[in-house]
Amino acid sequence: GESVGLHLPTLSVQEGDNSIINCAYSNSASDYFIWYKQESGKGPQFIIDIRSNMDKRQGQRVTVLLNKTVKHLSLQIAATQPGDSAVYFCAEKSGGYQKVTFGTGTKLQVIP
Amino acid sequence: ETGVTQSPTHLIKTRGQQVTLRCSSQSGHNTVSWYQQALGQGPQFIFQYYREEENGRGNFPPRFSGLQFPNYSSELNVNALELDDSALYLCASSLAKGGNTEAFFGQGTRLTVV
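The listed protein sequences correspond, in order, to chains A and B. Using my numbering, you'd call the opening residue of the first sequence number 33 and step up by one each time. Using my numbering, you'd call the opening residue of the second sequence number 31 and step up by one each time.
Treat the hints as calculated values from the structure; they're not laboratory data. Since we're looking at a predicted model, the values are computed, not measured. The C-beta atom is built at its ideal place from N, Cα and C for all residues, glycine as well. Keep in mind that the hints are not guaranteed to be accurate.
Under 10 Å between C-beta atoms, here's a sample of chain B residues computed to sit facing chain A [said to hold, decoys possible]:
hint	residue
1	SER63
2	PRO73
3	GLU132
In silico DSS-like links for lysine-lysine, alpha-carbon gap of 30 Å or less [unchecked claim]:
hint	chain 1	residue 1	chain 2	residue 2
4	A	LYS88	A	LYS100
5	A	LYS131	B	LYS43
6	A	LYS131	A	LYS74
7	A	LYS74	B	LYS43
8	A	LYS74	A	LYS103
9	A	LYS131	A	LYS100
So that you can see chain B by itself, here it is in the shape it has in the complex (with noise of 0.2 Å):
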């Protein structure tokens, strides 16, 4: 086990409707970062929180927010959902900005929209 936790584990919400997803992560890291992972494909960067500020982006449309606390645990939000946002939703943890550390996956979150 990574010793980061993603919750919940399963949901299915309706197309316009918003979702939060969360994670904590590992004792220690400060750096949490969010994925998608689309069936059969691997994981896309969505972005990464830093000490509590977003420290880059990646493609995705400002519907995708995020959220980091002091103790480092995250929440990811999406608005308005679509169809095409059924995915897997990972989080990893880290425990630096920069440099080259290991990243911790979570198990994920499996978002289903109808």
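Just chain A, with the same shape it has in the complex (with noise of 0.2 Å):
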């Protein structure tokens, strides 16, 4: 299938490690993000997602952190597997408009 990770950033993480995958917004008045999952052939899968209201949310291993004031995202994944590599997207959105901007994205490759 046709590859989504070409020329992105790539993080290497060896399986049952932990992984942070970061991401920069640009739009200060973005109150709602998501992080995205992105496989090879595939959209884009919704992970979890944080409203500016907060600063962490937890999920099933994975947990956003978000830092407004350096306008910060994280994606933290605990006990990373195989099954988790992929390409990962942030993205934001603002006034509750449905258009969602996406960042640059992350390769995750999972090291058995």
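Bring the two chains, given one by one in their own frames, into a single complex with the hints.
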């Protein structure tokens, strides 16, 4: 299938280790942030979201941290598994408008 | 699976031709957004439809147009195709025009313009 990971920053982690993927956003008016996972040949898949009135949110094996002061978002994946290998995008929305603005993306490679 | 289906999955067209891509939204969703994803890049917003009307547009020329039908399915039409239109076209459906609601993406249509 196609590769969505060409020319993207790559993070390589050992299976079982924790992964941290970082993202800087530009729009200070953004009030909703989402992390998506995209596997080769597939559309983006929702992982976790966070509203601007929060600074941390946890899901199953994933945690999103938001630092509005420096406009920084991170995704932490605990006990990374081979199935986590994909391209990860942060995305932002503002004002309740449904347009989602995607970041550049980071390719996560899990080494068995 | 997200319940959002797109057709066709792959398509090859010649420069100057016109193309129509289709999207069936998830049951109950009234909003559809279209995105263009070039190889190695993040998706770029084209436009959004809410209850059959365009509800916002990204930085794409007028030869990119769309429709939403009463059943909330949608079409993306591109006229006068250019080589740079080659990309993965994604649609996403969601429940509401506004608010922070999750959008579900289809698997995309890979368009190649030769």
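Against which earlier hints does the structure fall short, listed by number upward?
none
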